[in-house]
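Line by line, the protein sequences give chains L and F.
Take 1079 as the starting number for the first sequence in the working numbering and just add one per residue.
Take 7 as the starting number for the second sequence in the working numbering and just add one per residue.
Calculated directly from the structure, the hints in this document are not laboratory data.
As the structure is a computational prediction, the values presented were derived from the model and not from experiment.
Treat the hints with care, as some may be off.
Distance ranges between label pairs, derived from CB positions [what the hints assert, rightly or not]: (1) L:His1128 with F:Gln47: 21 to 27 Å; (2) L:Gly1144 with F:Gly22: 25 to 31 Å; (3) L:Thr1138 with F:Thr11: 39 to 45 Å.
SDA-like, lysine to any residue: derived pairs with alpha carbons at most 25 Å apart [said to hold, decoys possible]: (4) L:Lys1178 with F:Asp90; (5) L:Lys1143 with L:Gln1156; (6) L:Lys1151 with F:Glu88; (7) L:Lys1181 with F:Arg63; (8) L:Lys1178 with F:Gly22; (9) L:Lys1100 with F:Asn36; (10) L:Lys1178 with F:Gln43; (11) L:Lys1087 with F:Pro67; (12) L:Lys1135 with F:Arg63; (13) L:Lys1178 with F:Arg63; (14) L:Lys1178 with F:Pro67; (15) L:Lys1151 with F:Gly46.
Even glycine gets a Cβ: it sits at the ideal position worked out from N, Cα and C.
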Amino acid sequence: AQRVTQPEKLLSVFKGAPVELKCNYSYSGSPELFWYVQYSRQRLQLLLRHISRESIKGFTADLNKGETSFHLKKPFAQEEDSAMYYCAAGAGSYQLTFGKGTKLSVIP
Amino acid sequence: ETGVTQSPTHLIKTRGQQVTLRCSSQSGHNTVSWYQQALGQGPQFIFQYYREEENGRGNFPPRFSGLQFPNYSSELNVNALELDDSALYLCASSLARGQGYGYTFGSGTRLTVV
């Protein structure tokens, strides 16, 4: 079965500290991987996707096929990074499978 | 350019009733997907519509049905509501059927079944 696992429900870090949000996936074939973010009182929005290999708001994510992981990283956390983060995977033409999400809290 | 809009924002229904949720896709997007997000969970795929046809379906019973209209707006209908149907229902539109282009999500409809 397709599965996306985010082992941490809540992650608290101090401002300026490095951040790593973990994501592991179990998927047949070669899925596309995404990170979505939901800031307080805002809608869910795409943060980044592995195929574009871009850095958004200082965040990067590397796809490790051997470990089936797609961890989200940022070297220095900012208070405005506090949000709910969802990892998602998809293969084929339609559905995305989301993890349960990790709430990131950046302590000033 | 407008984003994805959903209506209503909140809804309370009684078990056994029927409900219709509505979604207007982002301008230029021809694909609409619906997701159910229960409390403390990630969104779960219900189905997707592309050019008025169902393009894929998740693990939801037939009492969950949908429509897409020529202007690409969409409806989600749920019959014979159950308590477990209480959730946030998210609509997402995209430029193409493939999710590689990424979704634009609406703010959701919060459905409470009592």
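Do the hints match the structure? See the list:
Look at His1128 (chain L) against Gln47 (chain F): about 23 Å separates their beta carbons, and that is inside 21 to 27 Å. A C-beta distance of roughly 50 Å is found between Gly1144 (chain L) and Gly22 (chain F), which places it outside the suggested range of 25 to 31 Å. For Thr1138 (chain L) paired with Thr11 (chain F), a C-beta distance near 32 Å fails the hint of 39 to 45 Å. With a C-alpha separation of about 17 Å, the suggested pair Lys1178 (chain L) and Asp90 (chain F) falls inside the 25 Å cut-off, and the hint holds.
Straight-line distance between C-alpha atoms of Lys1143 (chain L) and Gln1156 (chain L) comes to about 29 Å, which puts the hinted pair past the 25 Å bound. Proximity of Lys1151 (chain L) to Glu88 (chain F) is assessed by CA-CA distance (about 40 Å); at most 25 Å being required, the pair is judged violated. At most 25 Å may separate the alpha-carbon atoms for a hinted pair to count; Lys1181 (chain L) and Arg63 (chain F) exceed this at roughly 29 Å. Taken as a hint, the Lys1178 (chain L) and Gly22 (chain F) pair is broken in the structure, with Cα atoms around 29 Å apart against an allowance of 25 Å.
Restraint check: the Cα-Cα separation between Lys1100 (chain L) and Asn36 (chain F) comes to about 33 Å, which exceeds 25 Å; the hinted pair is violated. Under the criterion of a C-alpha separation no larger than 25 Å, the hint pairing Lys1178 (chain L) with Gln43 (chain F) is consistent with the structure, at around 10 Å. For the proposed pair Lys1087 (chain L) and Pro67 (chain F), the alpha carbon gap of about 29 Å is over 25 Å, so the pair is violated. For the hint linking Lys1135 (chain L) to Arg63 (chain F), the alpha-carbon distance of about 34 Å lies beyond 25 Å, and the restraint is violated.
For the suggested pair Lys1178 (chain L) and Arg63 (chain F), the alpha carbons sit about 20 Å apart, so the restraint of at most 25 Å is met. Distance hint between Lys1178 (chain L) and Pro67 (chain F) is fulfilled; the C-alpha atoms sit about 22 Å from each other, no more than 25 Å. Simply put, Lys1151 (chain L) and Gly46 (chain F) have alpha-carbon atoms about 23 Å apart, close enough for the 25 Å limit, and the pair holds.
Of the hints listed earlier, those the structure fails to meet are numbers 2, 3, 5, 6, 7, 8, 9, 11, 12, in rising order.
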